[in-house]
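S.K.: Protein sequences appear in the order of chains F and L.
Here the first sequence is numbered in the working numbering, starting from 1 and rising by one per residue.
Here the second sequence is numbered in the working numbering, starting from 1 and rising by one per residue.
The set of hints was computed from the structure by calculation and includes no laboratory data.
There's no promise every hint is true.
Some but not every residue of chain F turned toward chain L, in silico, with C-beta under 10 Å [claimed, not checked]: (1) Cys109; (2) Pro219; (3) Met229; (4) Met236.
Cβ coordinates follow ideal geometry from the N, Cα and C atoms, glycine included.
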Amino acid sequence: MIVAKLIDTTLCIGCKACEVACQEWNDQEYTLGTFGGTYQTMPDLSHNFWNLIKFNEMERDGGTSWLMSKYQCMHCADAGCLAACPAPGAIVPRANGTIDFVHENCIGCGYCITGCPFDVPRLSPTTKKVYKCSLCSDRTAVGLEPACIKTCPTNCLTFGERDELVRIAEARSVELKADGFADAGVYNPPGVGGTNVLYVLKHASEPEQYGLPKDPQIPWTVSLWKGPMKWLGSLMFWGTILGAFFHFVIYGPQDPAKHGHPEKEDEPSDKF
Amino acid sequence: MTNSDEIRIPRFDAYERVMHWMSALSFGYATLTGLAIWSPKLYWMAAVLGGGFHVRGTHPWSGVVFAVMIGVMFRRWAAGMSLDADDRVWLTRLHKYATHDHGALPPSGRFNAGQKMLFWSQVATTLALFATGIVLWFPESMPRSLRLASIALHPLAAIGSITNILVHIYMGTAAVPQSMRAMLRGYVVPEWARFHHPKWYKAWRASHHS
Ligand code: HEM
Ligand code: SF4
Ligand code: SF4
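This is chain F alone, in the form it adopts within the complex (with noise of 0.2 Å):
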């Protein structure tokens, strides 16, 4: 079964009590941030922040406007993260659609970071490996829900099984268009074949107003580099290799006595 969170943004209070949930089950030490002149707790995820609420202040809909988010890893079907690490075992996705890090395993390259086309991986400077969400998969590994979800006092999170929440999402944006919001839909992008993080959005012609990429995907630097470039680079290898031994087989060394001319006989003898 694969299991996902909803987020309904239209729900978001911007209690932040996700976030305490977040920092406190995963034991994170508490770092000092920086004051934005916003509601917004952190400008940004940390190795030991993994999930801000961002309030996207802006002048729209005649007013102010808060575009509530909820940033995270994704657990995307199709991950990015994955796809760029070059340490087996160092990004697991597990088999309810979980992308795992196993941190033992991580030799710390942040490739990861490059690859993930949400911008969410982050190194920590102390131990050189990279940290995010996990779903809380110590908690649904034994049929807990995740941490953020069970603090979360508006029903503005659910989790559950993917594909029921897949149409309660569907149904909630029914509800919104019917209460005059045209543009409400559901996030869930193709690009990297859906994510496992599911968002009912007011504007969801307009993710970026969110801080969500309009059609992520695996960045094609990185499927280049893992797919065909595998490829030129072990021809290159073998090639090369096989073609010296055969050259060496048919020609071999090159040899002053074998190979001199007349024309060079001219120059200078070195017999004296």
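Keeping the supplied structure of chain F fixed, place chain L with the ligands upon it in accordance with the hints.
M.R.: Just chain L with the ligands, lined up with the frame of chain F:
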């Protein structure tokens, strides 16, 4: 009476030999550690070399040593590596060189045109490896567009460079007997010099045997 085999023509002084083998060793280490994280199929090499985390830590440093050594090599050799008229003809007859038809080749100086091309392509790939390597080293302080480009360009430059060096190792060990002695002990014998580098040999003769 001297036997020609006992005449030693100095080819590479100690400075050149050390700089060459320093770049070869750092290149070798960077290649092994780089290949270890290039493909999951080669990841066993990381275990042999001290584990993936260690390999990720040391690979960039060996790259820095290598780049510095190529810089040293550049200062020492670049001036003598430009192609002259003979070299340009030589390159169009590369197949003659490969098939030991040496009579069809214009005479070479201290380095032949193939060696010069190796030098320049190593300089170019090293520049590319260095620039992209710095970007990949510090992912969190580099713009994403540069990182995305480097993820593809760093290995591409490495493929080019490793291919060059494979050919180079073949030439230096098997294809051109006695060239190893030049790079290890520093000298060659007249017969070798006269055959492989006639113009260089003539210049040496002119200055040593009036
Ligand atoms: C471990 C592998 C290597 C071996 C066995 C090797 C061997 C040699 C030998 C025998 C020579 C002397 C050729 C002559 O007398 O004309 C030479 C020269 C040279 N080597 Fe290497 N080398 C190795 C690695 C490298 C690396 C990694 C580089 C730089 C990236 C390099 C760059 C050069 C250059 C530019 C020259 C002068 C031109 C030439 O001979 O091609 N070598 N090497
Ligand atoms: S959001 Fe980023 S880190 Fe999370 S699974 Fe997708 S690619 Fe990986
Ligand atoms: S930093 Fe760790 S998890 Fe990320 S790509 Fe490198 S080895 Fe994989």
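S.K.: Look at each hint and say if it fits the structure.
M.R.: Evaluation of the provided hints:
1. The beta carbon of Cys109 (chain F) comes within 5 Å of a beta carbon in chain L, closer than 10 Å, and the hint placing it at the interface holds.
2. For Pro219 (chain F), the interface hint holds, the least distance from its beta-carbon to any beta-carbon of chain L being 5 Å, beneath 10 Å.
3. Annotation: Met229 (chain F) was flagged as interfacial toward chain L, and the flag holds, the nearest CB pair being 6 Å apart, inside 10 Å.
4. Interface restraint check: Met236 (chain F) against chain L, minimum CB-CB distance 5 Å, threshold 10 Å, status holds.
Every hint, counting from the list given before, is met by this structure.
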